[in-house]
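Number of protein chains: 4
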Amino acid sequence: MADPVRVAVLGVSGYAGGELVRLLWDHPEVELTFVGGKDSAGSTLGEVHPHLSELGQIRILPIDDLGLISESAEVAFLALPNGSSSGLAPGLLDAGSKVIDLAGDFRLAATDYPTWYGFDHPAPGWLDEAAYGLPELFTERIADARLVANPGCYPTPAILGLAPLLAAGLIEPGPIRVDGKTGITGAGRAASGIGSFAATEESIRPYRAPGHQHTPEMERGIRLASGKDIDVLFVPHLVPAVRGVLVSCYAVAAQGATSSAVTECLSATYDGEPFVRVLPAGSMVDSKRTRGSNMVELQAFVDDRSGTAVVVGAVDNLIKGAAGQAIQNLNLLIGADQTTALPRLAMYP
Amino acid sequence: MADPVRVAVLGVSGYAGGELVRLLWDHPEVELTFVGGKDSAGSTLGEVHPHLSELGQIRILPIDDLGLISESAEVAFLALPNGSSSGLAPGLLDAGSKVIDLAGDFRLAATDYPTWYGFDHPAPGWLDEAAYGLPELFTERIADARLVANPGCYPTPAILGLAPLLAAGLIEPGPIRVDGKTGITGAGRAASGIGSFAATEESIRPYRAPGHQHTPEMERGIRLASGKDIDVLFVPHLVPAVRGVLVSCYAVAAQGATSSAVTECLSATYDGEPFVRVLPAGSMVDSKRTRGSNMVELQAFVDDRSGTAVVVGAVDNLIKGAAGQAIQNLNLLIGADQTTALPRLAMYP
Amino acid sequence: MADPVRVAVLGVSGYAGGELVRLLWDHPEVELTFVGGKDSAGSTLGEVHPHLSELGQIRILPIDDLGLISESAEVAFLALPNGSSSGLAPGLLDAGSKVIDLAGDFRLAATDYPTWYGFDHPAPGWLDEAAYGLPELFTERIADARLVANPGCYPTPAILGLAPLLAAGLIEPGPIRVDGKTGITGAGRAASGIGSFAATEESIRPYRAPGHQHTPEMERGIRLASGKDIDVLFVPHLVPAVRGVLVSCYAVAAQGATSSAVTECLSATYDGEPFVRVLPAGSMVDSKRTRGSNMVELQAFVDDRSGTAVVVGAVDNLIKGAAGQAIQNLNLLIGADQTTALPRLAMYP
Amino acid sequence: MADPVRVAVLGVSGYAGGELVRLLWDHPEVELTFVGGKDSAGSTLGEVHPHLSELGQIRILPIDDLGLISESAEVAFLALPNGSSSGLAPGLLDAGSKVIDLAGDFRLAATDYPTWYGFDHPAPGWLDEAAYGLPELFTERIADARLVANPGCYPTPAILGLAPLLAAGLIEPGPIRVDGKTGITGAGRAASGIGSFAATEESIRPYRAPGHQHTPEMERGIRLASGKDIDVLFVPHLVPAVRGVLVSCYAVAAQGATSSAVTECLSATYDGEPFVRVLPAGSMVDSKRTRGSNMVELQAFVDDRSGTAVVVGAVDNLIKGAAGQAIQNLNLLIGADQTTALPRLAMYP
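Chains as they are written, first to last, in my numbering: chain V, 153 to 501; chain H, 153 to 501; chain P, 153 to 501; chain C, 153 to 501.
Heads up, a few of these hints could be off.
In silico contact screen, one side only, chain C against chain H (beta carbon under 8 Å); selected entries [to be verified]: (1) Ser195; (2) Pro202; (3) Thr267; (4) Phe271; (5) Ile336; (6) Gly347; (7) Thr352; (8) Glu353; (9) Ile486.
These stretches of chain V come out as covered by chain C in the derived footprint (C-beta under 8 Å, 3 or more residues) [to be verified]: (10) 285-295; (11) 408-422; (12) 429-441; (13) 488-500.
For the record, the hints were derived by calculation from the structure and aren't laboratory data. Don't be surprised by glycine CBs; every beta carbon is placed ideally from N, CA and C.
Bound conformation, chain V alone:
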């Protein structure tokens, strides 16, 4: 067997960072050679993630010496807050590492950042070079990339579900309303203030609508995949769960589109894809059946009364919606089978 690929995880103290370490640990073609963090530097992995304490002696290093990191690792995962990775990635890339960024820093056009993320992008030159890391739709682009922008949790099922139907002309390219539901870990860092158990149990509530930063990401991902320009309205909701993201997308059905046509379109598109489960017409998505796995579940139907095509999709936001998809992208980058180290079977119940 060839030498293992040396990889770094920067920003290890978050949930996605913890999942990256957990999943990479069993990856037979990878060696985790650098684990870095900002505030967590100096601690061991076991102190920061007690459930990983069997790996406890691994020390978390600072992430300011990019040369050292690039020397240690051929590929670096950046699991840092939005706005941080765009500062780090160019240096790592220049020093020769490939980069898989789990933040939103390389997913949009430069002009979107002030509006949706509140900062001016510091390295706009890299935006065009970044591959949008949705492996089912952009396999080759990813395999050749030096920089992969790993998609957001909500856009993953939304784009996978909508793009094929737009491309096939089964839905009209008008406004699409996307209603998202997420467990607390999918609500992002802004949720930390509102994520207490006392406030979250028995609470159903929208948040950050209509300005959520996944809105333009859905629009751009759909355009890249289908060639269609559409406007998305995205209204995310927090529900009392830890993991799991489900989107229900409402589009105008094209003349003559039927429930079987939209279902068959998705089935045909993803035939053979190891991580996409298209449900037969009439079956309902359940986010729980994806939990702990890298699967996405998709369902589509047409409502004739209202002329609506509905697409429902769900993922485990920390796996297919973050760390798992990042490893799937790594597998493409290094020429491994894309399922390596990625569970297809959910932990249920």
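Could you slot chains H, P and C onto chain V? The hints should help.
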């Protein structure tokens, strides 16, 4: 003080029945004189609802002797499964009792029943006479009624939120997509098979779409209140909660409609209503703030990018969405203050 | 009707403070004349507790002018963190107000405070004067008191369950092991760091054992009620719930003690008490049947194989374990019926 | 590599059956050659366990042809209800298969079955031959066995925690009180009637005490491992979780026993064991840190005031408490590394 009004609760063994008894117990102008059930007849209240065991000696009676019930009670609450109350209500009405029906049996037109409920309506003559029991919109009609059709949990916030905007011309009378989220007690009887803790925790999933029976109820309630004919697509979802229903409604915004215009329209409509809380623009509804109370929370905004007007509303499905609203209707019927025996302050957290 | 009693709630921003306001709002013999807080001073009630926004215009005042508070209120509830009320209470008492303290500041002997609470008591002279506010056991003492030490959530069911059995000689006065389980709101302020939804869902864990400050409170309360000196080991556990405290107490059964004897002893002790439900032998306590009410549920049995008498008790920690019991004490203080404004029927499910 | 070992899973439709299939799927030295069920026979795996639908074409076979099963599989896992496997196992053993039984049918002495399980054991001759499958304590016995009695979920952490302390004389061989807490999947089949989401959320309650069948299993396992005869009182409680079992065990501390002595005893006993994590004194067990893994977490301390030694232990009841431990036993049986196919890192959060 006048003699208390004698009331009956039929179908006491369900959740709505239990809440009716709990809330009526403290109603100063009412005496609960008859408690009836089908399978639960013969048991005591405390056996069927252990949390009510302080009322434990009350015996549940069979509900087949309509004459006896009418003799015992001036008003009867029917908290029976869909399809049962339409068989019982006419007999009670003929014998002189007023009826408040918590099922769907008197909410639609006769022609809707085969399609949406799967049965032919046995007493279509009463459908026109039934008042649709949304007190904020149909106060006088209810006060004069002999038969009140208590609204469904989802239609309550949807109609309260959408009808004023349609009437004011702030949203277009085209198709409206309503995305519902509910705790397990709001998913109705069909949820019982899927309502185990193991299957529900960490699960987000749509159900019974697009054929949910609350679809035509929303359409009809909106038409009654606004005069506008619209098509609704309703996609309900189950989330891991016990109580709480939240609807997010997506409509086409009228030319020039703004977030402040839609907010002000709702505020003006419900000014002085004790049970409606319209949030200022930018604030987000939280179903948890209605739990245990008879409140509805409403929020509206306009998204210019997609031309959408969004209305979000939430209730405690067992109170404002069932038993509490039924008692509010009773208060109108008997001339009591409509807030009598109904909590306005939620139990939080 | 007589003039309402004017009451103050100090420390209104916490959960117990919110519940005090909610419950007092419907108290027919009380007027809430002063609402105070430390950091929350200047805000309105609706800002601090959005579920109480119907009372939103009430402004929270600072709590440093004790003269003003005493002038405003005949009785002051202190819902402040442990260690704060012992500084405030003497001034209020000297100025003529009665005080009901929900913290632990007046529940123990002076010598216990350094060990169990980590501070030297600033007003030891008041400790003997304080009545321990367990109404079922110390009715008259409370009715005559100027200062009431409202019990902790865990000690309430533990003392109510154990003291009668010790007094009756049905359990031996040796060490008693108390295993506590609580929802997150009962874990106290120390839980705030560990109370995120992500960390709490699917987590069962002990905390602060064996040094939890409710240990000496149980010992002292049992001694006051039964005359017996016993040692308690208390191991509290956090489980994924918001409300609800359940204690399982393991004591050495006295020779000849049986399940019916211990059950009958509890039944006889609490016969006629409105807020105590003693379950028949063989029935199991469920914390959920007390939620939203001021009830305590108790169960006792003897295991012959191991010579153990087991007592299980549960309360809603924010009501019978805090705000509700405080109002029950208020009712005794002001000569009202002790059930005034206190729900006996739980909100279920 | 040698030919894979052919294994059967009988009783695949339950939770443990589903977990067996999920975990065995990735076992490199095993081939799943027979999947059987009673009522589920004729369905596919994907119909019974939708989260396993990627394995969907596997057909579930009836389990009445023992010859066929033995021909197909060298080792059979029995994940059947208590009382069923004792009827099947002898036939399979006679036909030459080895058997790992996940039910309680081979864990006790014949005389215990009428009392604790309510049936007369049909094959008492096999009881002595069965190895009690706690790999950390009975490695060699298991490796040589033809029949392994896989332990119950509660006894696993209780025996692992208590037996070494008894053997070392750090706790007295008197009565031990074990307070158990479990998520709904650990409460066994009897929980199905009480396991609705509406009844379980916000509910903490004991069940089946003091007659739970894990009581004599703890006693026997402790005796086998330590040589000490003790009486156990076991009081299990249901809390609102899906997975996770935690036991808090209260024993009389031996003269001179200290928190460091009991901690060191456990650390020394399990030094090098891949699936046991002994926490340093002062740290607290959290069941969530074991979820999805085959780990057990243990903690011990001594409370001098009450003379009590406390041992706390937790497992994921479906993995180390059922399917995972069964595979660990399989690994011993077939000479594989005992960690093969078993996660050590929990899925968190």
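Evaluated hints:
The closest approach between the C-beta of serine 195/C and any C-beta of chain H is roughly 17 Å, which is over the 8 Å cut-off, so the hint fails. Given hint, proline 202/C at the interface with chain H, is violated; its Cβ is 10 Å from that chain's nearest Cβ, farther than 8 Å. With a least beta-carbon distance of about 29 Å to chain H, the hint placing threonine 267/C at the interface is violated under the 8 Å criterion. For phenylalanine 271/C, the interface hint is violated, the least distance from its beta-carbon to any beta-carbon of chain H being 27 Å, above 8 Å.
For isoleucine 336/C, the interface hint holds, since its Cβ comes within 8 Å of a Cβ in chain H; the closest pair sits about 5 Å apart. Because the smallest distance between the Cβ of glycine 347/C and any Cβ of chain H comes to about 5 Å, under 8 Å, the interface hint for this residue holds. Evaluation of the threonine 352/C hint against chain H yields a held restraint, the C-beta minimum of about 4 Å falling below 8 Å. Contact between glutamate 353/C and chain H, as hinted, is supported at the beta carbon level, the nearest pair being about 5 Å apart and thus within 8 Å.
With a least beta-carbon distance of about 31 Å to chain H, the hint placing isoleucine 486/C at the interface is violated under the 8 Å criterion. Counting residues of the stretch 285-295 of chain V whose CB lies closer than 8 Å to any CB of chain C gives 0, so the stated coverage by that chain is violated, three being the minimum. Check on the stretch 408-422 of chain V: 0 of its residues sit with their Cβ under 8 Å from a Cβ of chain C, so the three-residue criterion for coverage is violated. Counting residues of the stretch 429-441 of chain V whose CB lies closer than 8 Å to any CB of chain C gives 4, which reaches the minimum of 3, so the coverage claim holds.
Residues of the stretch 488-500 of chain V with a Cβ under 8 Å from some Cβ of chain C number 5, which satisfies the need for three, so the listed coverage holds.
Hints 1, 2, 3, 4, 9, 10, 11 from the earlier list are contradicted by this structure; the remaining hints agree with it.
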